[in-house]
Amino acid sequence: MSSRGGVHRVLPWVLFVWMAVVIWAAFLWAPAASGFVGQSSRIVFFHVPTAWVATLAFLGSCIASIRYLKTRQPIDDIRAQAASALGLTFAILATITGSIFARIMWGSYWNWDPRETSITFLLLIYAAYFALRGAIADPERRAAMAAVYAILAFVTVPFLVFIVPRIYWSLHPDTIINVQGKMKMSSRMLQVLFASLAGFTGLASWLYCIEVRLERLRRARQHEELI
Amino acid sequence: MSDSKKGRRLWYAIGGVVIVAFLAYGATSFKTELTPYVGFQEAISTGHHVQVAGSLVQGSSRYDEASKKLVFSMADENGRQLEVEYDGVKPGNFEDATQVVVIGAYRDGVFKADQLLVKCPSKYQGLEESGQSKRS
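Line order of the protein sequences matches chains A and B.
Numbering of the first sequence is given in the working numbering, commencing with residue 1 and proceeding in unit increments.
Numbering of the second sequence is given in the working numbering, commencing with residue 228 and proceeding in unit increments.
Derived by calculation from the structure, the hints in this document are not laboratory data.
Mixed in with the good hints, there may be bad ones.
Claimed, not checked - DEER-style ranges, computed between Cβ atoms: (1) B/LYS233 - A/ILE163: 34 to 40 Å; (2) A/LEU132 - B/ILE271: 42 to 48 Å; (3) B/ASP303 - A/PRO139: 52 to 58 Å; (4) A/HIS223 - B/GLU269: 58 to 64 Å; (5) B/ALA251 - A/SER40: 17 to 23 Å; (6) B/GLY286 - A/GLY38: 21 to 27 Å; (7) A/PRO139 - B/PRO348: 49 to 55 Å; (8) A/ALA220 - B/ALA251: 27 to 33 Å; (9) B/GLY336 - A/LEU132: 25 to 31 Å.
What the hints assert, rightly or not - Not everything, but these chain B residues come out facing chain A in the computed CB check (under 8 Å): (10) ILE246; (11) PHE249; (12) TYR264; (13) GLY266; (14) ALA280; (15) GLU322; (16) VAL328; (17) LEU344; (18) VAL345; (19) LYS346; (20) CYS347; (21) TYR351.
Every residue gets a Cβ at the ideal spot worked out from N, C-alpha and C, and that includes glycine.
Chain B extracted, bound-state conformation (with noise of 0.2 Å):
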């Protein structure tokens, strides 16, 4: 009686570690592994083909007819720009975002992306209360 009471406990205090050992092991493993998003300095020194989010800056995208492209200013938090080229159609909500990510590779002092996704503020607020006019 007294033996199963204590191969008892032994397992609950077996069960006790290893649920620490999963949270400690979710606190500090998944930190570095769990985002695809690189920062500036990174993408810029590496070359690679990564992901860099930033914000949008504001005004500072137009497109290019020569060579029928997209070209922007991103900012990261610390306010240190970079620019980007991207080949491809602009997505429909380009102009209401205030974040974006893209996907490609720093060549030749400027960010070529393949792949451009927007953030938009989502505000869950009616068309007609925001006092926004529809855009398609």
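So here's chain A without its partners, still in its complex pose (with noise of 0.2 Å):
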């Protein structure tokens, strides 16, 4: 148990130091990308985690849904509100990086392009996810629908996020996690890329874990009021 402790009391920091590392690398490591404006490549080592955090909190929040409908355990209905406000925390930052991305190598914060029109569904689909829990007061009510709206929204994700981009003419250039497997970057870029991928996947866990613990906690209290 003491280990356990231990253990969690370490995790943050090494976080912590992975991330200046990274943030130091990319901007001073990794050498600018030719064919962009100036130094404005760098801002793929925190578009493209970004956008990888966001689904797989949404794919969190699917399996959570999925678990509460089978278990009714109130704690899955926390992991799975928990999963989708952080999905939803970082698509909003996925769309910001990209739209200023967009601005520097396109020419235009936003003209509609299908992975700004795509990114615009997924957005408003999680946005009114929070909205329906909102509208529910029975907890019990609120859990389930949102489970079963969580598992309909995710079916959207994969539509968005992969198949809409690559059926389209789009200005966004092909994912770098693409279809071919092909891995279009020199190295040096890739390590980075690499390395803020498993940064920002450890920094949405750590948030993930505080803001169950968290939820928890408002419930135990409101709980008790109730009492």
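Take the two lone chains and join them into the complex the hints point to.
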């Protein structure tokens, strides 16, 4: 038990150092890519991981929701809620970094490119998840309906994240994690990107654990107040 | 007991149908609604304010001093060409562009663009490695 507590104390510091190194490497160690305006290619080290983490979190929300419908344990509802919140947050970050990238590279913050349209849908779909949660007072009903909605919402994710950008002509370049599995990146940039992907996944996992703990405390307190 | 089991199975069936319906909707409806880019033919025939995507015809661009406009040709996948007149500051990476998007309307035999977006081949190769000189 105590060793587990020790690991939990050390891990955030490992993450802190890791992310610090990633940020340093993204700006100073990786070379600027050719064909890009100035140093703008470096946004990719933050833009891609945020999108990746968002997709991962939405998957987590779907899995937790399926579990909730099976087990009806409040903890699974808490997990689904925390994962959805993280997914939405990181999707917004991906949109912002993407929009800045688009301004620099394409010449417009927003022109309803298929990629931009599809992420707007995604944001609206998961924003509606929280609207739904807010609209139902009874906790068990809220959890069940939110779980059903989260499963449905995730059905659209493969479409909006993977299929849409591959069907339409888009200004967006081929995704780095592409279908052909080819990495069109020089080795140093690839190393930084993978380190960043790992770092962001760790960061999101940490935030997720904190949010789950917080939400448990919030609900426990609410419960006490009711009694 | 068996009643609740039956009810549960019904809900699974309904859920499954809804998911399939969602997928079908996604596959069909999104196809036409999700892209803002229209073909050359549509842009020319409607004359509306639209977005047109195509490849930049290499060497076709020139800056017209008299009218202070950037003039170039773009081609679609069928090789059809469209002449574009752009009134504005030339994007910094225009020379590297392979594909462009123009936003504007077709008038008097030429596409008058008020916005010009460019797509550059993103290789994520270092400047030194690819042997290209650095451009601002």
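Now the hints, each set against the structure:
no.: 1; hint: B/LYS233 - A/ILE163: 34 to 40 Å; in the structure: holds (36 Å)
no.: 2; hint: A/LEU132 - B/ILE271: 42 to 48 Å; in the structure: holds (46 Å)
no.: 3; hint: B/ASP303 - A/PRO139: 52 to 58 Å; in the structure: holds (56 Å)
no.: 4; hint: A/HIS223 - B/GLU269: 58 to 64 Å; in the structure: holds (60 Å)
no.: 5; hint: B/ALA251 - A/SER40: 17 to 23 Å; in the structure: violated (40 Å)
no.: 6; hint: B/GLY286 - A/GLY38: 21 to 27 Å; in the structure: holds (25 Å)
no.: 7; hint: A/PRO139 - B/PRO348: 49 to 55 Å; in the structure: holds (53 Å)
no.: 8; hint: A/ALA220 - B/ALA251: 27 to 33 Å; in the structure: violated (43 Å)
no.: 9; hint: B/GLY336 - A/LEU132: 25 to 31 Å; in the structure: violated (53 Å)
no.: 10; hint: ILE246; in the structure: holds (5 Å)
no.: 11; hint: PHE249; in the structure: holds (5 Å)
no.: 12; hint: TYR264; in the structure: holds (6 Å)
no.: 13; hint: GLY266; in the structure: violated (11 Å)
no.: 14; hint: ALA280; in the structure: holds (6 Å)
no.: 15; hint: GLU322; in the structure: violated (11 Å)
no.: 16; hint: VAL328; in the structure: holds (6 Å)
no.: 17; hint: LEU344; in the structure: holds (4 Å)
no.: 18; hint: VAL345; in the structure: holds (6 Å)
no.: 19; hint: LYS346; in the structure: holds (5 Å)
no.: 20; hint: CYS347; in the structure: holds (5 Å)
no.: 21; hint: TYR351; in the structure: holds (4 Å)
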